[in-house]
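**Q** Listed in order, the protein sequences are those of chains A and B.
The opening residue of the first sequence carries number 3 in this note's numbering; numbering runs sequentially from there.
The opening residue of the second sequence carries number 861 in this note's numbering; numbering runs sequentially from there.
Treat the hints as calculated values from the structure; they're not laboratory data.
Among the clues, some could well be false.
[Said to hold, decoys possible] Interface residues of chain B toward chain A, partial, derived using beta-carbon atoms under 8 Å: (1) Met-865; (2) Gly-867; (3) Leu-868; (4) Asn-885; (5) Glu-888; (6) His-894; (7) Met-902; (8) Cys-903; (9) Gly-904; (10) Glu-906; (11) Gly-927; (12) Cys-928; (13) Cys-995.
[Said to hold, decoys possible] Simulated pairs of lysine to any residue, SDA-like, Cα-Cα distance not exceeding 25 Å: (14) Lys-377/A with Asp-870/B; (15) Lys-951/B with Gly-985/B; (16) Lys-908/B with Leu-383/A; (17) Lys-994/B with Lys-100/A; (18) Lys-30/A with Phe-327/A; (19) Lys-306/A with Ser-91/A; (20) Lys-994/B with Phe-327/A; (21) Lys-381/A with Val-987/B; (22) Lys-994/B with Pro-891/B; (23) Lys-381/A with Met-895/B; (24) Lys-377/A with Lys-958/B; (25) Lys-908/B with Asp-384/A; (26) Lys-381/A with Gln-926/B; (27) Lys-377/A with Met-895/B; (28) Lys-994/B with Phe-416/A; (29) Lys-958/B with Val-987/B; (30) Lys-377/A with Ile-993/B; (31) Lys-100/A with Pro-901/B; (32) Lys-908/B with Ser-91/A; (33) Lys-994/B with Asp-384/A; (34) Lys-377/A with Glu-906/B; (35) Lys-377/A with Gly-925/B; (36) Lys-381/A with Glu-897/B; (37) Lys-377/A with Met-902/B; (38) Lys-381/A with Lys-908/B; (39) Lys-30/A with Lys-908/B; (40) Lys-30/A with Asp-870/B.
Even for Gly, the Cβ is constructed at its ideal location relative to N, Cα and C.
Each chain, written out:
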Amino acid sequence: MKKSVLEGLDSSVVKADFPLLRREVNGKQIVYLDSAATSQKPQVVLDVLNSYYEEINANVHRGAYKIAEQATLAMEEARGNVRQFIGASSDREVIFTKNATEAINLVAYAWGRKNLNKGDVVLITSLEHHANIVPWHQLVEERGIELRWIPLTIDGCLDLDNLDELLDGVKLVSIAAVSNVLGTINPVRKIADAAHAVGALCLVDACQAVPHLPTDVTELGCDFLAFSGHKMCGPTGVGVLWGRSEILEEMPPFLGGGEMILNVTKEGFTTNDLPWKFEAGTPPIAEIIGLGAAVIYLTELGMKNVQAHGEELTQYMFETLSERFGDDLLIYGPQDATSRTGVFSMSYRDIHPHDLSQILDQQGICVRAGHHCAKPLMKLLDVNATIRASTYLYNDKADIDALVVGLQSARTFFEER
Amino acid sequence: MEPSMDGLEDLYMEIILDHYRDPRNRGELAPPAHMAEGFNPMCGDEIKVFLDLEDGQIKKIRIGGQGCSISQASASIMTTLVEGKSIEDVKHISKAFKSMMAIHEEGEEEISQDIDLGDLEALQGVVQFPLRIKCAILSWHTLEQGLREIDASAQ
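Full structure from sequences and hints, please.
**A** And the structure:
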């Protein structure tokens, strides 16, 4: 095996931060290549979760006692960390949700039901995750809006040749920043500007972008940004919706209950200020604080370094796979390392993805097999399922070498037995 | 060094791979034969079961769609077991197979011990791989669904 020395990040040092990566599966050292589904968690995040429960567990924004104050401060400090991480200007614009799916649903429910009427158009792309499709399908059924799709080019990029025509009648453009199947990095700024030119808003599903690329909402030029904590070294159970405050102010609340109100009488209620207006009920306090720790971890490593590491691994993945397998292995999406992230959906000969992943699992290699919650895209690719190997900051070249050996052995197992 | 495949031989028995590589009764039946469609939402597999019934028996069965070796082999074996059988017999076989896959349904105590599962016995190893049980039973669920649909449309 080659020693892995990648620019920017020393992956052997980074890898040691993640306890799970030390375990064995089926008697083999685990090789985790499913970070597009969820990332592993560094020790610092696990420690923060533990110390929250051991030292300051109390409900937030309620009690006047010491640990309630500490819990509240810790949670609001995490909000500030997240704000800085995405270049937002105010904590009021950072809303904690259960996950990115809930963040998108929040916009569809609170903004959509107020602003979208029969005949209004929501424009999405043909490479969206179901989380950015189904909420709009629901509005098609409920309110008679039109759902329109930006097509793809043959290499899995957005085909924007007819963007102006596609934008006719559009009130909201909702797009993935990075495809969770193809890794395609979409030109968010260009699309957001075009949306604004016709008076539409732009929502960005940044689940596959925020963990891997430096993110600045001002540079992206969007109005809403949704992402998950668990794909960026944070715990499950927490996601983020960032929105421009002047839009959030005008939106009705999403869920009703405690925390989101200023006053409740028998006659009605008045909503709380941003961001709590959209955070009904006891929030996932530990998880939010854990996400704050994850964001600090990533910031200390440097997102530019994380990005460079990803690009280098992507380049190595292309080189290694094509050298070893040639035409036997089909990699979907853009074929160069700069216009995509390290999400590799692949077909290998005629071996079904489910069987492939089973053989890989036998060697401790974790990859995803399936439709990746993007069935319209899979239909375009004319395939029911692919295997998907996705990298993150703790992966190194040895992990990709292991994948190559695993694929080779799958062929031996199924075709030469 | 070749990686060890210990345990996988139990899952991928030779007879399974044989049915996968050379699936029996693959194809379609034209209407008025019934078509039932099944999905495995986890992996994206889709299966079509075409059924031609006559006098309470499965006169012909054909399989379409795509799937992994386990789901395709299970479907192939299923066709060889149920063609020519009465619907009652098919339900018994299905129940016995699901019981072997550790899926326990109502009325299981009625499963006769002498039901011959034939090549399906080769799928025994799937139980050790819980995520693959869905693959093995997809065709059977779809067959049962098809029989229910035919029953409902006859009412």
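**Q** Next step is simple, just say for each hint if it's right about the structure.
**A** Evaluation of the provided hints:
1. Met-865: Result: holds, 6 Å to nearest chain A Cβ.
2. Gly-867: Gly-867/B check passes; min Cβ-Cβ to chain A is 7 Å, inside 8 Å.
3. Leu-868: This interface hint holds because 6 Å falls under the 8 Å limit.
4. Asn-885: It is violated, given that the least Cβ distance between Asn-885/B and chain A is near 19 Å, above 8 Å.
5. Glu-888: violated (18 Å)
6. His-894: Violated - the Cβ of His-894/B stays beyond 8 Å from chain A, reaching only about 23 Å at its closest.
7. Met-902: holds (6 Å)
8. Cys-903: holds (4 Å)
9. Gly-904: holds (4 Å)
10. Glu-906: It holds, given that the least Cβ distance between Glu-906/B and chain A is near 6 Å, below 8 Å.
11. Gly-927: holds (7 Å)
12. Cys-928: Because about 4 Å separates Cys-928/B from the closest Cβ in chain A, which is inside the 8 Å limit, the hint holds.
13. Cys-995: holds (7 Å)
14. Lys-377/A with Asp-870/B: violated (32 Å)
15. Lys-951/B with Gly-985/B: holds (22 Å)
16. Lys-908/B with Leu-383/A: holds (21 Å)
17. Lys-994/B with Lys-100/A: Given pair Lys-994/B, Lys-100/A is violated - Cα atoms ~29 Å apart, limit 25 Å.
18. Lys-30/A with Phe-327/A: Measuring from Cα to Cα gives roughly 24 Å; hence the hint holds.
19. Lys-306/A with Ser-91/A: holds (21 Å)
20. Lys-994/B with Phe-327/A: violated (31 Å)
21. Lys-381/A with Val-987/B: violated (31 Å)
22. Lys-994/B with Pro-891/B: Since the Cα atoms of Lys-994/B and Pro-891/B sit roughly 28 Å apart, the hinted pair is violated (cutoff 25 Å).
23. Lys-381/A with Met-895/B: Holds, at roughly 21 Å.
24. Lys-377/A with Lys-958/B: violated (29 Å)
25. Lys-908/B with Asp-384/A: holds (17 Å)
26. Lys-381/A with Gln-926/B: holds (13 Å)
27. Lys-377/A with Met-895/B: Distance of about 22 Å is within 25 Å: holds.
28. Lys-994/B with Phe-416/A: holds (21 Å)
29. Lys-958/B with Val-987/B: holds (10 Å)
30. Lys-377/A with Ile-993/B: The hint holds at about 22 Å.
31. Lys-100/A with Pro-901/B: holds (23 Å)
32. Lys-908/B with Ser-91/A: Status violated; Cα separation ~54 Å.
33. Lys-994/B with Asp-384/A: Since the Cα atoms of Lys-994/B and Asp-384/A sit roughly 23 Å apart, the hinted pair holds (cutoff 25 Å).
34. Lys-377/A with Glu-906/B: holds (12 Å)
35. Lys-377/A with Gly-925/B: holds (16 Å)
36. Lys-381/A with Glu-897/B: Within the cut-off at roughly 17 Å; holds.
37. Lys-377/A with Met-902/B: Given that 25 Å is the threshold and the Cα spacing comes to 11 Å, the pair holds.
38. Lys-381/A with Lys-908/B: holds (17 Å)
39. Lys-30/A with Lys-908/B: violated (38 Å)
40. Lys-30/A with Asp-870/B: holds (19 Å)
Hints 4, 5, 6, 14, 17, 20, 21, 22, 24, 32 and 39 from the earlier list are contradicted by this structure; the remaining hints agree with it.
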